[in-house]
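Single-letter residue listing:
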Amino acid sequence: MSIELNTNDGQVTITNDVIATIAGGAAVECYGIVGMASKNQIKDGISEILRKENFARGVLVRQENDHLHIDMYIIVSYGTKISEVAHNVQSQVKYTLHKSLGLSIDSVNIYIQGVRVEKE
Amino acid sequence: MTVRTLDGIVFSQMVRSGAHHLTNNAKKIDALNVFPVPDGDTGTNMNLSMTSGANEVKKMDSSNISEVALAFSKGLLMGARGNSGVILSQIFRGFAKGMDKKKMLTAKDLAQAFDTGVSTAYKAVMKPVEGTILTVIKDSAKVAVEEAESENDVIALMEKVLLEAKASLTRTPDLLPVLKEVGVVDSGGQGLVTIFEGFLAALKGEELPEGVTSEMEEMVNAEHHKIAQDFMETSEIEFGYCTEFMVKFEDKKTKENPFDEETFRNQLNELGDSLLVVSDEDVVKVHVHAEYPGKAMTLGQRYGSLINMKVENMREQHTAIIGDQQKQATKTEKVPYAIVTVAMGKGLKSLLESLGASVVIEGGQTMNPSTKELSDAIMEANAENVLILPNNKNIIMAAEQAADLAEVKAVVVPSKTIPQGISAMLAFHPESDIEENRAVMHDACGQVKTGQVTYAVRDTQIDGITIDNGNFMGIADGKITATHPTRMETVKLLLKEMITEEDEILTILQGEDASDKEVEELVNHVEESYEDMEVEVHKGNQPIYSYILSVE
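Protein chains in written order, with UniProt numbering: chain R, 1 to 120; chain W, 1 to 552.
Derived by calculation from the structure, the hints in this document are not laboratory data.
From the three backbone atoms N, C-alpha and C, an ideal C-beta is built for every residue, glycine too.
Just so you know, not all the hints are guaranteed correct.
Unchecked claim - FRET-style restraints, in silico, Cβ to Cβ:
#1 W/VAL457 / R/ILE3: 52 to 62 Å
#2 W/GLU281 / R/ILE3: 50 to 60 Å
#3 R/ILE3 / W/LYS346: 47 to 57 Å
#4 W/GLY294 / R/SER107: 27 to 37 Å
Stated by the list, open to error - Derived DSS-like pairs (lysine-lysine); straight-line CA-CA distance at most 30 Å:
#5 R/LYS99 / W/LYS123
#6 W/LYS180 / R/LYS94
#7 W/LYS27 / R/LYS99
#8 R/LYS94 / W/LYS127
#9 R/LYS99 / W/LYS346
#10 W/LYS346 / W/LYS517
#11 R/LYS94 / W/LYS517
#12 R/LYS99 / W/LYS517
#13 W/LYS334 / R/LYS94
#14 R/LYS94 / W/LYS346
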């Protein structure tokens, strides 16, 4: 699946992978996130923290009519205000995608897949 | 005065003083906010987080510092807003943890608490971005630990921590490029420094002044950056003038019109955006993007005299910036090869472009392009090597002059007709060097026969053929070989002249005055009369020549 943009000079096609990678990159720079989780985690039962090249597996890009929705599966750090971390991720992902691809995202849905407790 | 220990009561005062000082400076910190999202809310978010922390502390009545710190940390966590708020809550969560249930802290304990704050804060992020509040707390805590080795005075230690925090803050633009670009320090880092200033003031029992005016320049930069990001098109700028001025208060005027920053700000807010207002007892400094700068100044004049005025037209600036960017874009993207050629007619132009011509100059038989037009086209092609195909013998000279004048390597392949130019382009090889290309393309010009059909504008006698005004003539490689009152017959005669047994392909470039029906008839004629010929038709839309024929 991909996004088609029509410009004066022709067409630009952006694949979902690109969107997912940029969204994932923006998210992990966000404070409070300690990892991206596979979106299939529940199904697979595998608790894995995705490394950079696998961002796309924790990010789902959905296109419904003309609307773009992003679902992100993240793991947050214990002791942070999770709702706020999620909100920060939403605004940062939205902003970064707009800045780098010119895309307007209708919703960024955050699924907290886990909380990581650091050893003291 | 030397303070050897820090208890809960003093710490509680520190927190309140820090929160209070942050409240006073929240607007300024908002203005600095360009990272990670330039939404200008860092100051507000940190202030809300810090106030929530301070409120928890107020509820406590304990001299046990670890209890107060825990309450502070809890309040911060509950009230955390925004990235900076969450980071702040983590710093002080670690800070509270680092106290290890002590009732009071020595300078060494305090340093240790800061250090634990840093490691806790860093644990909660996958990819720490340096040049932010994280860097500022890290640098400060490092100095605290080092200094605590020899320093027993809590106040002196806090002074050094603040000093390092400020120094670290000024280094943030070197670590985070977006800050450097805008010319501001990190907003979250500024927030932390502000809190530390509050801490130290409380330790010393001092009052802090409200608002800080010194960094107006930084805030203005940040506002401009945000504006620049908002507008991609010059026409989208709603408020056209960047207006900055200072009002020096005059007693006479302020007696009539007592100055109130809040009211003044609200009035200015109606005139534009990107508003910054900073005042002290003597002056108020204003930065606003307004459509009518005079109105903003008139408002200011009610309180005193105007000094240091500056008004800039942002639409003009924006146009200039866009112009520069476009110029740069064409300068940087130099391609290795380009072909500049000449043709008349929309169809021919796009045909040549589809074959790989970078620039097609409008021109031909009756409208030869000048040397300057050719030179400009070479510039426009923006390549290291330029091949010029004049497609007309009258243009070859001008093309050669243009090639001599060119700053890049430019050579002329002396194509005399459009079919020659097309053949030459088909022979072009991007991997070969320019001289090789010139040679093979020149050869290719000789392998094609060109026929042209046009009409006579006067009676004449050329090449032994008598032509009447209004009759059609067929030209084979520059020589008139056929003439007839009808166009169709002229073409047929011309083809008879041109096509030999060795030829295989006929390409017909249909001129603007040749109808589709006529072309169809012509194709049928060719297929019947010359069985082995393949016929291709392109719409050239060229004027003057009803047909341009290419025979190979």
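Here's how the hints hold up against the structure:
1. Range check, W/VAL457 to R/ILE3: Cβ separation about 57 Å, and the 52 to 62 Å hint holds.
2. Evaluation of the 50 to 60 Å hint for W/GLU281 and R/ILE3 yields a pass: the beta carbon distance comes to about 56 Å.
3. Here the CB-CB span from R/ILE3 to W/LYS346 is close to 33 Å, at odds with the stated 47 to 57 Å.
4. Range check, W/GLY294 to R/SER107: Cβ separation about 45 Å, and the 27 to 37 Å hint is violated.
5. Under the criterion of a C-alpha separation no larger than 30 Å, the hint pairing R/LYS99 with W/LYS123 is consistent with the structure, at around 28 Å.
6. Distance hint between W/LYS180 and R/LYS94 is fulfilled; the C-alpha atoms sit about 23 Å from each other, no more than 30 Å.
7. A C-alpha spacing of about 25 Å is found between W/LYS27 and R/LYS99, which places the hinted pair at or below 30 Å, so the restraint holds.
8. Proximity of R/LYS94 to W/LYS127 is assessed by CA-CA distance (about 19 Å); at most 30 Å being required, the pair is judged to hold.
9. Simply put, R/LYS99 and W/LYS346 have alpha-carbon atoms about 38 Å apart, too far for the 30 Å limit, and the pair is violated.
10. Of the pairs offered as hints, the one joining W/LYS346 and W/LYS517 holds, with about 20 Å between alpha carbons and a cut-off of 30 Å not exceeded.
11. For the proposed pair R/LYS94 and W/LYS517, the alpha carbon gap of about 58 Å is over 30 Å, so the pair is violated.
12. Among the hinted pairs, R/LYS99 with W/LYS517 is inconsistent with the structure: their alpha-carbon atoms are about 54 Å apart, more than 30 Å.
13. Annotation: proposed proximity of W/LYS334 to R/LYS94 is violated, straight-line Cα distance about 35 Å (limit 30 Å).
14. Annotation: proposed proximity of R/LYS94 to W/LYS346 is violated, straight-line Cα distance about 44 Å (limit 30 Å).
In terms of the numbered hints stated before, the structure departs from hints 3, 4, 9, 11, 12, 13 and 14, listed from lowest to highest.
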